[in-house]
Amino acid sequence: MKYFYLLLLCSLIPAAVFSQTNFQPGYIINSTGDTTRGLIDNREWNITPNVIAFKNAKVGSTITRYKPTEIRGFNINDKEIYQTYKGYISMGRTQGTQLSYGIDTTSQKGTVFLKIIADGPHVKLYEYVDDIKARYFIQEQEQQPTELKYNVFYSNTAEDNRIVNTEIYKGQLLLLAKKYQPDNGTLLKSLAIAEYNKPKLTAIINMINNKKGEAKPSALSNFRVFAGLGASSTQGTFKQNGQFETSGLKNSIEPVISAGIDFLIKPQSQRFIVRTELLLSWSKFDFEAGHVGLINNLTASVSQRNVTIAPQVIYNFYNTQSFKIHVGAGIGINVSSYTTSKTETIDTYTQTYDHPFKFDSNWINIPVEVGVVLNKRVEILARYLFPADNTDGDYSIKVKSLMIGAHLLLGKQH
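So the sequence shown is residues -19 to -1, 1 to 395, counted in mature numbering (1 follows the signal peptide of the UniProt record, and there is no 0).
Hints were generated in silico from the structure; no laboratory data involved.
Check each hint, because a few of them may be wrong.
[Claimed, not checked] Taking lysine-lysine pairs in the DSS-like style, the calculated list, with each CA pair at most 30 Å apart, reads:
{"#": "1", "residue 1": "Lys220", "residue 2": "Lys60"}
{"#": "2", "residue 1": "Lys265", "residue 2": "Lys179"}
{"#": "3", "residue 1": "Lys60", "residue 2": "Lys247"}
{"#": "4", "residue 1": "Lys265", "residue 2": "Lys247"}
{"#": "5", "residue 1": "Lys67", "residue 2": "Lys357"}
{"#": "6", "residue 1": "Lys151", "residue 2": "Lys105"}
{"#": "7", "residue 1": "Lys160", "residue 2": "Lys67"}
{"#": "8", "residue 1": "Lys130", "residue 2": "Lys159"}
{"#": "9", "residue 1": "Lys67", "residue 2": "Lys105"}
{"#": "10", "residue 1": "Lys339", "residue 2": "Lys381"}
{"#": "11", "residue 1": "Lys381", "residue 2": "Lys220"}
{"#": "12", "residue 1": "Lys381", "residue 2": "Lys323"}
{"#": "13", "residue 1": "Lys105", "residue 2": "Lys39"}
{"#": "14", "residue 1": "Lys105", "residue 2": "Lys181"}
{"#": "15", "residue 1": "Lys357", "residue 2": "Lys323"}
{"#": "16", "residue 1": "Lys67", "residue 2": "Lys48"}
{"#": "17", "residue 1": "Lys96", "residue 2": "Lys179"}
{"#": "18", "residue 1": "Lys105", "residue 2": "Lys60"}
{"#": "19", "residue 1": "Lys36", "residue 2": "Lys357"}
{"#": "20", "residue 1": "Lys130", "residue 2": "Lys67"}
{"#": "21", "residue 1": "Lys381", "residue 2": "Lys265"}
{"#": "22", "residue 1": "Lys67", "residue 2": "Lys90"}
{"#": "23", "residue 1": "Lys170", "residue 2": "Lys220"}
All values derive from a computational prediction rather than experimental measurement.
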């Protein structure tokens, strides 16, 4: 029954995933330029949002949704900063199989949020991403943002149908470089080979703003390590040519030692985590077949020592700075060693056989888990391991486990 409730909880997670929010401190700038502080739902956008959810910091306050046509911008924790832009946006694709034949200079007028990715005394760099492509904009002081132009297309000639790149953005940036850093030869060399992507363009804008020598705030790490202890309740069944079936489930409660590393997809909010965990575990079972033929009593003993490497995906469906609730699933890659024995009693004579069984040393099982993180440091979890068979020849052992454990999350916490 305890396994049923754990699996039931896991089955309810998808509904919770889509209903949960991730409100973090921030503010919006309204249409008159005034600032209103509160909480903004940070959805870890892979594409630029076209609407945001905002509410007052008070518990139970109403959520208000804002489009870029309704506010001038918003700021989340001084880490996610967006500004409203009203103007033309290029529509030509720059990658994939849908490139145009001949240059596509079509544009569309709209009002969107632009994300600030580089700032300085001379020039700002913005990013706007939709399902067509990523675009980058520059803004010189108080002027209107201007898109950095980049086109990719098929040449579409009878003799040649190759892919052509027009790097107009390099000319746009060159004008700024000569204006603000006319004697910076390193900048000009870097600009000549700069690709149209966020890291390269950010580096160019920082050089134009003369920020190369300035101390930069340390970036949030995408990695953290952990170590933990737990206890595992493992149930096993054993079969050999129809024997031991009456022995039923045997339970073994043993300690578990674990350590691992987490890759945080978004270090700021830590909603999605890719985890690799190393576990050491033990189990021991004694099975009885009773009276078998001339044998008055037949018993078998199996001790298992297990090393597991478990890649997993973790999702924090309830996610605040001090308290998180997650669900996870993965695959357990196991390397095991065994000590086995079999004892037969005929009348008053007892014979014990050492190592009569040889089970698979390499096997796989499937773990699912739920857990909580307290104050960014302590993780408490319950993990269920689905039944898995180890077999060789005419005998097999099947095990399933429920583990309760705790991890200490090490390193700098965000």
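Hint check:
| no. | hint | verdict |
| --- | --- | --- |
| 1 | Lys220 x Lys60 | violated, 59 Å |
| 2 | Lys265 x Lys179 | violated, 55 Å |
| 3 | Lys60 x Lys247 | holds, 12 Å |
| 4 | Lys265 x Lys247 | violated, 41 Å |
| 5 | Lys67 x Lys357 | violated, 40 Å |
| 6 | Lys151 x Lys105 | holds, 16 Å |
| 7 | Lys160 x Lys67 | holds, 26 Å |
| 8 | Lys130 x Lys159 | holds, 19 Å |
| 9 | Lys67 x Lys105 | holds, 16 Å |
| 10 | Lys339 x Lys381 | holds, 19 Å |
| 11 | Lys381 x Lys220 | holds, 15 Å |
| 12 | Lys381 x Lys323 | holds, 23 Å |
| 13 | Lys105 x Lys39 | violated, 34 Å |
| 14 | Lys105 x Lys181 | holds, 14 Å |
| 15 | Lys357 x Lys323 | violated, 49 Å |
| 16 | Lys67 x Lys48 | holds, 12 Å |
| 17 | Lys96 x Lys179 | holds, 11 Å |
| 18 | Lys105 x Lys60 | holds, 15 Å |
| 19 | Lys36 x Lys357 | holds, 24 Å |
| 20 | Lys130 x Lys67 | holds, 17 Å |
| 21 | Lys381 x Lys265 | holds, 13 Å |
| 22 | Lys67 x Lys90 | holds, 7 Å |
| 23 | Lys170 x Lys220 | violated, 72 Å |
Checked against the numbered hints above, the structure violates hints 1, 2, 4, 5, 13, 15, 23; every other hint is satisfied.
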